[in-house]
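Keeping their order, the protein sequence lines are chains U and G. So in full-length UniProt numbering, the last one in the first sequence is 303, and the numbering has no gaps at all. So in full-length UniProt numbering, the last one in the second sequence is 303, and the numbering has no gaps at all.
Mixed in with the good hints, there may be bad ones.
Put simply, identical chains are the same to the list, so a pair is met inside one copy or across any two.
[What the hints assert, rightly or not] Taking lysine-lysine and the DSBU-like style, the derived pairs with C-alpha atoms no more than 30 Å apart in a straight line are:
1. K198 to K138
2. K44 to K112
3. K198 to K55
4. K300 to K112
5. K138 to K302
6. K273 to K44
7. K55 to K302
8. K245 to K33
9. K112 to K302
10. K23 to K198
11. K300 to K138
12. K86 to K44
13. K23 to K245
14. K300 to K55
15. K33 to K112
16. K23 to K302
17. K245 to K198
18. K273 to K198
19. K86 to K273
FYI, nobody ran anything at the bench for these hints, they're computed from the structure. All of these numbers come straight from a predicted model, not from anything done at the bench.
2 protein chains.
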Amino acid sequence: MTTLPARVTLVDVGPRDGLQNEKETVSTADKAKLVSLLQDAGLKEIEVTSFVSPKWVPQMADNTAVMAAIERRPGVRHSVLVPNMKGLEGALPTRPDEIVVFAAASEAFSQKNINCSIAESIERFAPVVASAHEAGIKVRGALSCAVGCPYQGEVTPDEVERVVRLMRDIGVDHLGVADTIGVGTPRKVQAAMERALKHYPLVEVSGHFHDTYGQALTNIYACLELGIHTFDASVAGLGGCPYAKGATGNVATEDVVFLLSGLGIDTGIDLDKLVDAGAFISGVLGRPPVSRVGKAILAKRKG
Amino acid sequence: MTTLPARVTLVDVGPRDGLQNEKETVSTADKAKLVSLLQDAGLKEIEVTSFVSPKWVPQMADNTAVMAAIERRPGVRHSVLVPNMKGLEGALPTRPDEIVVFAAASEAFSQKNINCSIAESIERFAPVVASAHEAGIKVRGALSCAVGCPYQGEVTPDEVERVVRLMRDIGVDHLGVADTIGVGTPRKVQAAMERALKHYPLVEVSGHFHDTYGQALTNIYACLELGIHTFDASVAGLGGCPYAKGATGNVATEDVVFLLSGLGIDTGIDLDKLVDAGAFISGVLGRPPVSRVGKAILAKRKG
Numbered sequence: 001m002t003t004l005p006a007r008v009t010l011v012d013v014g015p016r017d018g019l020q021n022e023k024e025t026v027s028t029a030d031k032a033k034l035v036s037l038l039q040d041a042g043l044k045e046i047e048v049t050s051f052v053s054p055k056w057v058p059q060m061a062d063n064t065a066v067m068a069a070i071e072r073r074p075g076v077r078h079s080v081l082v083p084n085m086k087g088l089e090g091a092l093p094t095r096p097d098e099i100v101v102f103a104a105a106s107e108a109f110s111q112k113n114i115n116c117s118i119a120e121s122i123e124r125f126a127p128v129v130a131s132a133h134e135a136g137i138k139v140r141g142a143l144s145c146a147v148g149c150p151y152q153g154e155v156t157p158d159e160v161e162r163v164v165r166l167m168r169d170i171g172v173d174h175l176g177v178a179d180t181i182g183v184g185t186p187r188k189v190q191a192a193m194e195r196a197l198k199h200y201p202l203v204e205v206s207g208h209f210h211d212t213y214g215q216a217l218t219n220i221y222a223c224l225e226l227g228i229h230t231f232d233a234s235v236a237g238l239g240g241c242p243y244a245k246g247a248t249g250n251v252a253t254e255d256v257v258f259l260l261s262g263l264g265i266d267t268g269i270d271l272d273k274l275v276d277a278g279a280f281i282s283g284v285l286g287r288p289p290v291s292r293v294g295k296a297i298l299a300k301r302k303g
Numbered sequence: 001m002t003t004l005p006a007r008v009t010l011v012d013v014g015p016r017d018g019l020q021n022e023k024e025t026v027s028t029a030d031k032a033k034l035v036s037l038l039q040d041a042g043l044k045e046i047e048v049t050s051f052v053s054p055k056w057v058p059q060m061a062d063n064t065a066v067m068a069a070i071e072r073r074p075g076v077r078h079s080v081l082v083p084n085m086k087g088l089e090g091a092l093p094t095r096p097d098e099i100v101v102f103a104a105a106s107e108a109f110s111q112k113n114i115n116c117s118i119a120e121s122i123e124r125f126a127p128v129v130a131s132a133h134e135a136g137i138k139v140r141g142a143l144s145c146a147v148g149c150p151y152q153g154e155v156t157p158d159e160v161e162r163v164v165r166l167m168r169d170i171g172v173d174h175l176g177v178a179d180t181i182g183v184g185t186p187r188k189v190q191a192a193m194e195r196a197l198k199h200y201p202l203v204e205v206s207g208h209f210h211d212t213y214g215q216a217l218t219n220i221y222a223c224l225e226l227g228i229h230t231f232d233a234s235v236a237g238l239g240g241c242p243y244a245k246g247a248t249g250n251v252a253t254e255d256v257v258f259l260l261s262g263l264g265i266d267t268g269i270d271l272d273k274l275v276d277a278g279a280f281i282s283g284v285l286g287r288p289p290v291s292r293v294g295k296a297i298l299a300k301r302k303g
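Work out the full structure, taking the sequences as your base and the hints as a guide.
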C-alpha cells in the first residue's frame, strides 16, 4: 500500500475564491472576522482577497480595506490574487505574503474568460512575477481547467504540461493544479498532476478541487497517493459553480480535514473550531454550510 | 499503480434503505415507478422493500403490494430485507431473488438497535438463512457499523472479523460491509474489508457507505484498490441519517456512477436516465436530489 504524506498543508481560499462566487456581498468586518476564525482553527495559509477590477468582481472591491482589517498573525501566510500589473500595484502596499496569478489549461476557457490566448496571458504575467519577486513576494500559479473545461470539454495532460512549462519559464514558484468545474476523477487528476511534478518539486505542487460532482475528496486522496501534500479548500464549501447554477463549488475544508484526520495525517487544524468558522460565515450568508462534515457536526451539536 | 476492476455492479438500495429513512411515506405506485426507472437506467440489482413490522418501519408497510406492483424484468435481481423468520415467511410468497439479513459489528449498536447481542442476532438468523436456501434464494448479510458506531465510537477490525465469521458459519452467501454512520476513511475501511476478504471471495464482498461526512466516494475508491467490485448506493442519495438529523444518508448512485465512469469502469448504467430516476423520486419527496451529480446535471439541463 502506498505511503501517504505524514503532514498536509491546507490553504483556505474561502475568503477569496469562495466569497467571490457567492451572490451576497459580505462586509469587510465579516471577511476579517472569517480570517480570524480560520486562524483560530489553525489555518496557516489563507487566500484573503483579489485585486481584480471591481467592475468584474464587485464582491472583492474592498480588497485594500480587508487586507488592513485582518489580523496578521505571525506564521500565517496571507495571499491575494492579482490579474495583471495594475492588480499587483494595488496589492503591494497591503503587504501580501504571496500573490496568486492564473492561466487556463484550456485555450477555449482562456479566450472566453480573460479574452486572450494562454500564451498572451502568461506573457502579461511575466513582469508581474518579476515585480513580485523584486518585492520579495512568492508567486503561486493557479492552473485552471486542468482536467476539464466548460467550453472545450476534455483537457489533455499535454495541454496541462504546456502551461506548466510556461508558468515555470516566467518564474512562478508554486503550481496549483485546479479542477475548476469539478469533473475530474482520480486517474485523470493523477495524469495532470504527474505533468506538474515533471517541472515542480512535490512541495511546490498543490491541488484545487471543486466538488460540483462530489469527486473532490476522492481526487485529493488520489493526489495523496502521489505524495502531494498541499491542497486548497474553502471553509463551509464557500463558492458556487458559475458553470452550473445551484451546484456546489469548492471542496469544503471541513470535509478535507475529516478525511486527513481519519487517515492519521496531521494538518494542525482543529475541526471543531473550523466548523465554528464555517457556521459563522454561513450564518452571514443566510444558509447552511455546504460542507457535509459541517452539517453533520452542527446537527450532532443540536442533538 | 493498482489495477482497478474493469466492471462494477451497483445495487440500488434507494427503494428500501433510502425510503425507509425518509420522513415522507411514498405511495406503492411511486415506489414501483422508481423501480422501473432504475431498471430503465440499467440497474440490475435493486433492494426493493423490507418485511419488518410496520410498527417499526411504517414506510415499508406496503411490502407485499410493492413486490406485486414492480416490473420483474429478466436479468434484474430484486432483494428484500427480512429481520426474522416471520419476515421471511412474509417475503417468500412475493418471490424475491435475494433476501438481506443483518447484524452489527458493534455490540452496543446491536443492543440498542435490535435489543439483543450480536451472537443472539446471528442465532436468530440461522434458520432464516437455512429456509431461504431451501427455497433456492440467495442470502446477503449486511454488516452494519463496520468502522464506527453511534454508541461505542470506534469499531475494530477484530470486531468486524468476529461477525464475518458468524455470518459465514450460518451460511450467509454474500457479505456487505456497511459504514452505517459514514465516519469511515480509506485506511479504516480497507482494514475492515480485508477482514471480510479473509472469509469471503472478492465477488461476494460489497461495500455500503453513508455519505454523512462526505467520505463515501473516497471509501469506494479505496475499496476498488482492493479489487472490490460491488457497492450499494441509493439513487438521489435517498435516506437521511437517523443519528444526525439533517445530515446526509446513503451515497448517491449518480455520484458513484460518475466516479466509475471517469475511471473507465463499466457499470452498464446510463447516467442521464439515472438522474431522471433521482429527479422523479426527489419530486415525489418535494426536495432536490441530495446527489451532487444529480444537482449539477439538472442545473446544466436548465442552462
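How the hints compare with the structure:
Only within a single protomer do K198 and K138 lie at most 30 Å apart by alpha-carbon distance; the minimum there is 21 Å, versus 51 Å between protomers. Taking CA atoms no more than 30 Å apart as the test, K44 paired with K112 passes in neither setting, with 34 Å inside one copy and 43 Å between copies. For the homomeric pair K198 and K55, neither the shortest alpha-carbon distance inside one copy (38 Å) nor that between copies (62 Å) is at most 30 Å. Taking CA atoms no more than 30 Å apart as the test, K300 paired with K112 passes between copies only; the shortest distance there is 18 Å, against 44 Å inside one copy.
Proximity of K138 and K302 under a CA criterion of 30 Å is satisfied in neither setting, with 43 Å inside one chain copy and 42 Å between copies. For the identical chains of this complex, K273 and K44 are intra-copy neighbours only, at 14 Å inside a copy versus 44 Å across copies, given an alpha-carbon limit of 30 Å. With identical chains, the CA atoms of K55 and K302 are at most 30 Å apart between copies only, with a shortest distance of 27 Å across copies and 42 Å within one. Taking the closest pair of Cα atoms, K245 and K33 come within 30 Å of each other both inside a single copy (28 Å) and across two copies (29 Å).
In this homomeric assembly, K112 and K302 come within 30 Å of each other (Cα to Cα) only across copies, at 21 Å, whereas the closest approach inside a single copy is 46 Å. Within a single copy, K23 and K198 get their C-alpha atoms no closer than 39 Å, and across copies no closer than 52 Å, so neither meets the 30 Å cut-off. Proximity of K300 and K138 under a CA criterion of 30 Å is satisfied in neither setting, with 41 Å inside one chain copy and 38 Å between copies. Taking the closest pair of Cα atoms, K86 and K44 come within 30 Å of each other only inside a single copy of the chain (27 Å); across copies the shortest separation is 59 Å, beyond that limit.
For a Cα distance limit of 30 Å, the shortest separation of K23 from K245 qualifies both inside one copy, at 11 Å, and across copies, at 28 Å. Taking the shortest alpha-carbon separations for K300 and K55, only the inter-copy value of 26 Å comes in at or below 30 Å, while the best intra-copy value is 42 Å. Proximity of K33 and K112 under a CA criterion of 30 Å is satisfied in neither setting, with 35 Å inside one chain copy and 43 Å between copies. In this assembly of identical chains, K23 and K302 lie within 30 Å of each other by CA distance both inside one copy and across copies; the values are 28 Å within and 19 Å between.
Taking CA atoms no more than 30 Å apart as the test, K245 paired with K198 passes in neither setting, with 36 Å inside one copy and 47 Å between copies. Taking the shortest alpha-carbon separations for K273 and K198, neither the intra-copy value of 37 Å nor the inter-copy value of 40 Å comes in at or below 30 Å. When the C-alpha separation of K86 and K273 is checked against a cutoff of 30 Å, the pair qualifies neither within a copy, at 37 Å, nor between copies, at 49 Å.
Violation of the numbered hints given earlier is confined to hints 2, 3, 5, 10, 11, 15, 17, 18, 19; the remaining hints are satisfied by the structure.
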